[in-house]
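Asker: Produce the complete structure using the sequences and hints provided.
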Amino acid sequence: MIVNAKFIADLVKGEIKGDPEKPVTGVCGLKDATDDQLSFLGSKKFIEQAAASKAGTMIVSADTENEAAASGRTLIVCKNVDFAFTQASMVFAVPAPKPVIGVHPRAVVDPSAKLGNNVSIGPCAVIEPGAEIGDNTVISAGCYIGHDAKIGSDTLLYPNVTVMYRCIVGNKDIIHSGVVIGADGFGFVPGPNGLVKVPQTGIVRIDDDVEIGANTTIDRARFDKTWVKSNVKIDDQVMIAHNVTVGESSILVGQCGIAGSAALGRGVILGAKAGINGHITLGDGTKVAGTSSVAKSTPPGAVALGTPAENQRDYMTRWTLPSRVERLSQKIAALQAQLDELQKK
Amino acid sequence: MIVNAKFIADLVKGEIKGDPEKPVTGVCGLKDATDDQLSFLGSKKFIEQAAASKAGTMIVSADTENEAAASGRTLIVCKNVDFAFTQASMVFAVPAPKPVIGVHPRAVVDPSAKLGNNVSIGPCAVIEPGAEIGDNTVISAGCYIGHDAKIGSDTLLYPNVTVMYRCIVGNKDIIHSGVVIGADGFGFVPGPNGLVKVPQTGIVRIDDDVEIGANTTIDRARFDKTWVKSNVKIDDQVMIAHNVTVGESSILVGQCGIAGSAALGRGVILGAKAGINGHITLGDGTKVAGTSSVAKSTPPGAVALGTPAENQRDYMTRWTLPSRVERLSQKIAALQAQLDELQKK
Amino acid sequence: MIVNAKFIADLVKGEIKGDPEKPVTGVCGLKDATDDQLSFLGSKKFIEQAAASKAGTMIVSADTENEAAASGRTLIVCKNVDFAFTQASMVFAVPAPKPVIGVHPRAVVDPSAKLGNNVSIGPCAVIEPGAEIGDNTVISAGCYIGHDAKIGSDTLLYPNVTVMYRCIVGNKDIIHSGVVIGADGFGFVPGPNGLVKVPQTGIVRIDDDVEIGANTTIDRARFDKTWVKSNVKIDDQVMIAHNVTVGESSILVGQCGIAGSAALGRGVILGAKAGINGHITLGDGTKVAGTSSVAKSTPPGAVALGTPAENQRDYMTRWTLPSRVERLSQKIAALQAQLDELQKK
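Protein sequence lines correspond, in order, to chains A, B and C.
Going by our numbering, 260 is the number at position 260 of the first sequence; the sequence numbering is gapless.
Going by our numbering, 175 is the number at position 175 of the second sequence; the sequence numbering is gapless.
Going by our numbering, 277 is the number at position 277 of the third sequence; the sequence numbering is gapless.
Derived from the structure by calculation, the hints contain no laboratory data.
One or more hints might be untrue.
If chains are identical, the list can't say which one is meant, so a pair holds when it fits in one copy or spans any two.
Unchecked claim - Derived pair list, reagent style EDC-like, types lysine to aspartate or glutamate, alpha-carbon separation capped at 20 Å:
hint, residue 1, residue 2
1, K17, E67
2, K79, E15
3, K54, D224
4, K98, E211
5, K31, D224
6, K197, D154
7, K225, D32
8, K331, E341
9, K98, D110
10, K44, D32
11, K197, D82
12, K197, D208
13, K172, E248
14, K225, D36
15, K6, D82
16, K44, E67
17, K54, E65
18, K197, E248
19, K197, D224
Answerer: Here it is as C-alpha cells:
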C-alpha cells in the first residue's frame, strides 16, 4: 500500500507544507520512522525526537510546525494531531481477523440460551441455560457465559472471558481476554463461629460502549448491582469491587483498584495503580494521579495526589519539604552565629 | 416475596421499634432503599445517610437507634447488625444456579482420575491422570486440574480456574474464575552462562474453608509447599509467591502481594494493594494498612502503615511533618525578630 | 532416593567438611530441615537460622562455613551456594508430568495451522487459521493461539494461556497459566463525539528464553510491536503496556507495571509492584526498588527508590526527615533559651 502525503492530508483535513506527492508506505513512531513513513508530533515533549526523526512525512499542529520542519520533510498541519494520526494509521492497518458467523460445532450452547442474528460463538465457548446473546455479538473461544446472563448487540468478547450468572453486558462493548465479570464480592462478617461469608446476591451491569482490558475483574454486588456506566474505558488488571459505580466516560488506567461501594462520577480519571477507598464518592471529573490512593470523597474537578491523596498544593508542600528543612537549618545556623556574636559583646 | 418486619426481627433475634406489620419486599443500601425495603445502619459513619434514607425498615444497633429513627420507619434493633442484615438478605436472594451433577459429555476426564460421589464436572473442564476430586465438589466449565492434583470435598471451583500438578486444595473451599494455583515460583540464579531457572519442585497446599478471589495467583514452592491455612479469605488479584505461609483466618484484600518465603501468622489482615517483603514473618493478628509495604518482621498484634511500613506513632510523626515544619518556621521567624530587637538595643 | 554428602559435593564441585558418608534423602529450607536433609546458607542474613537448623548436611560458602558449623553436621563448601543448591535439589525432585506428544482429539486445530515435529496440543486448546507452532513446543489444555500467531520451538505454554492474532513468541520460552499476550493497548483520543478508540494494529514479539508468570498481560502495539527481548524473566501479574520495549535479561518482579512506549535497557530490574511511566527510558542495569514508581528517564546503572522515584541519597534525605526535624526543633529550643538568658541580662 502506497499513498502520497496529499491523500493523507485530505483524509485528516490538514494543510500540506512541502511535497504533496511524497510517498507514504506506512506509519511509525518518531524514533524508528523512515523517509517513506508517516509519523506525528502530538506533544511539545517530543520536539527533540521530532527534529531528529527520519520520518519523511509528519502530522503536526500549528504551534509545532516550525520545530518539526526538516530538510525534505513534508508536514501535514492539523488541529487534533492524535486523532488525525489515528485516522491515517487505519489506511495501512492490516485488519483484525474476522470472526466466523455461527456457532462452532465445538461450542457448548444450552438449548434454552437465546442467540441473536449473526452471532459468532467460538470453539470451547460455554453458554449456560437462559443466557441471551445479542445480534452481531462475538463470543470467542473458551469464553464462559453464565446462567441467565445477558450480552447485548455488537459486543466483542475476546477468548477466555468469564461472565457469571445473571450479569448484564451492554451493546458495542469490547472485553479482552482473561476478564472476569461477576465473581463474588469480598464480604465476611464475624459470626458466632468465625468469619461468615456474606452472600453476594447482586449482579454486575456493564452499559454500552465500554472497553475492559485483559485480566480485569469486576465483582458482583452484595445486593443490587456493581455498575459500569456507558463509555467507560478500563485498562488491564483493574479491580472493581462489589457495589461500585463508575460514572460515564471515566477512564481507569492499568492496575488501579476501587474498593467496595465507592461511587465515581462522570469523567473520572484514575491513573495507573491508583486506589480508591470503599464507601467514598469521587466528584465528576476527579483526576487521581498514578499510584495515588484516595481515602476521602472528592468534590467535582478535584485533583488528588499521593497516599493518602491530597490536593496539589498540599502534595507539593509535602514533596518539597526536604529543601524547606534545609533552608530552615541554614537559618538556624545563621541565628546561632548572630546570637553567639551578640553574646561575645 | 413479601414478608413483614416481625418476620425479619424473629429471624435475626432483634427487637422491633415501630410497626411489626410493615411489609418488606427486599433489601437495599441506605441510599437507594425505598419504603418497602429493608436497609441497615452498620456503622456510625453512615448516620447521615441513614437519616436521609427512605428505607421503611432498618436494622440498627442499640447505640444508633435514635439517629436512625424517622417518621413511619420501623427499626429492628440487634447486636450484630452486619450479621443480621446478611441473614435477612438471604430471605430475598435469588439462589445461585445449581451445578448439574455428573460429568458433562464435553469434559475431558482421564480414566485414571478418581471422582467422588455427586461431583459436577463442567463442559471443557480437563482433569489429568491421577487427579482426585472429592465428594460434592464442583469443577466448573473450562477448569484445568493437573496431574495428581487433589481437590477435597464440598469445594466449588468457578469456571476457568487452573490447578497445576500435585497441588492440594482442601474441603469447602471456594475458588473464583481465573485463579491460578501452582504456577512456578519466580526463581533464577546467576549461572556460568546467564540466569538459570531454579526448578520449582514443591506444591501449593490450600486448607479448608478458604475462599480465593478472581485472577489471584498462588505459586508452587521451590521445594516443600506454599501453604494457605484454613479459613483464609483472599480477594481478587492477590499474588502469593513461592514458599509463603498464610496463617489461619487471615484476610488478604484485593491486589495485595506477598513475596517469597514470607510467613504470616494467624488472623493477619493485609489491606488492599499492601505488599509484604520476602523472608519476613508477620506476627499473629498483624494489621497492614492498604497500599503499605512491610519490609521487616512484625510482632504479634502489630499495626503497620506506609512504605516502608512503620508503627502508627512513627507514621503519624512522618505524616504530620509539614505542619510541624511550618510551626518551626514561625518559631525561627520569631526568634529572628527577638534577636534583631535585642541587637538594636 | 538416598545419596550421601560426597555425591552432592561431587555434583556441585564443593569441598566436604565432615562426614562424606552422611546420608541425604532430600532438600529443605533451614527452618524445617531434618538430620537426613540437605539445606543451604545462601546469605549472611540467615546465619542465626542456619545455626539453629537441624539440617544434617548444608551447602555453605567459604565465608559462612564457621557460622554454619554444628555438631554432627556435614558442610559442603562451594562458591555459588544458590546455584549449587539448585543443582542438588534436582537430584531429589519428582519430575514434572510429561506432556503427551500429538494433537489431543478434543483440541481444535484449524487445518491451515502449521504444526512442527513432536508438538503437544492439549484438550480444548484452540489454534486458529495460519498459526504456526514450532518443534517440541507444548500448547497445553485450554490455550488459545490466534490467527497467524507464531510460537517458536521448545516453548512451553501452560494451560489457559491466550496469544492473540499475529503475535510472535520465541523459542525455549515458558509461559504460565492465565497470561494474555496481545490484547489491545489502551488508547483513546478525544474525537468530535467523545472518546475514539485508537486502533492497536501492531503486535507483541517475545524473544527466546523468556519466562512469563501467571496472569501477566502484555498488550499489542498501537503500531509496530511491543517487544520483550531474550532472557527476560517476568513474574506473576505484571502489566506491560503497548509499544514497551524490555531489554535483554531484565527481571520484572510480581505486580509491577510498565506504561506505554517506555523503553527498558538491558539487565533492568523492577522490584515488586514497581511502576514505570510511559514514554521514558531506563538505562541498562537500572534497578527500581519494590513499590517505587519512576517518572523520569534514568541513566545506565541508576538506582531508583520512592514515588516518584529518586536516587538513593535524595531518598534517604527524605526518609530521615523526621529525625532531622526533631534535631532542628531541639536546636531552636536551645537558641530560644540562650536568647532569653541573654535578654534577661
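Asker: One pair to classify: K44 and D32, alpha carbons no more than 20 Å apart. Within, between, both, or neither?
Answerer: within (18 Å within a copy, 47 Å between copies)
Asker: For K54 and E65, with the copy left unspecified, which applies at a CA distance of at most 20 Å: within, between, both, or neither?
Answerer: within (15 Å within a copy, 60 Å between copies)
Asker: Pop the pair K172 and E248 into one bin, within, between, both or neither, using alpha-carbon distances up to 20 Å.
Answerer: within (15 Å within a copy, 39 Å between copies)
Asker: Should K197 paired with D224 be assigned to within, between, both, or neither, using CA atoms and 20 Å as the limit?
Answerer: within (17 Å within a copy, 31 Å between copies)
Asker: Up to 20 Å between alpha-carbons, please classify K197 paired with E248: within, between, both or neither.
Answerer: Close across copies (16 Å), not inside one copy (32 Å); limit 20 Å.
Asker: Could you figure out if K225 and D36 sit no more than 20 Å apart (CA to CA) within one copy, between two copies, both or neither?
Answerer: between (52 Å within a copy, 19 Å between copies)
Asker: When no copy is named, should K197 and D82 be tagged within, between, both, or neither for a Cα gap of at most 20 Å?
Answerer: between (48 Å within a copy, 11 Å between copies)
Asker: Given a CA cutoff of 20 Å, do K79 and E15 count as a within-copy pair, a between-copy pair, both, or neither?
Answerer: within (10 Å within a copy, 68 Å between copies)
Asker: Checking an output row: K331 and E341, CA cutoff 20 Å. Within, between, both or neither?
Answerer: Answer is both: 15 Å inside a copy and 17 Å across each meet the 20 Å cutoff.
Asker: Which holds for K54 with D224 at a C-alpha limit of 20 Å: within a copy, between copies, both or neither?
Answerer: So K54 and D224 pass the 20 Å test across copies only (16 Å; inside, 56 Å).
Asker: At most 20 Å between CA atoms: does that hold for K225 and D32 within a copy, between copies, both, or neither?
Answerer: between (47 Å within a copy, 11 Å between copies)
Asker: For the identical chains here, do K44 and E67 meet the 20 Å Cα criterion within one copy, between copies, both, or neither?
Answerer: Answer is within; shortest intra-copy Cα gap is 9 Å, inter-copy 57 Å.
Of the numbered hints stated above, none is contradicted by the structure.
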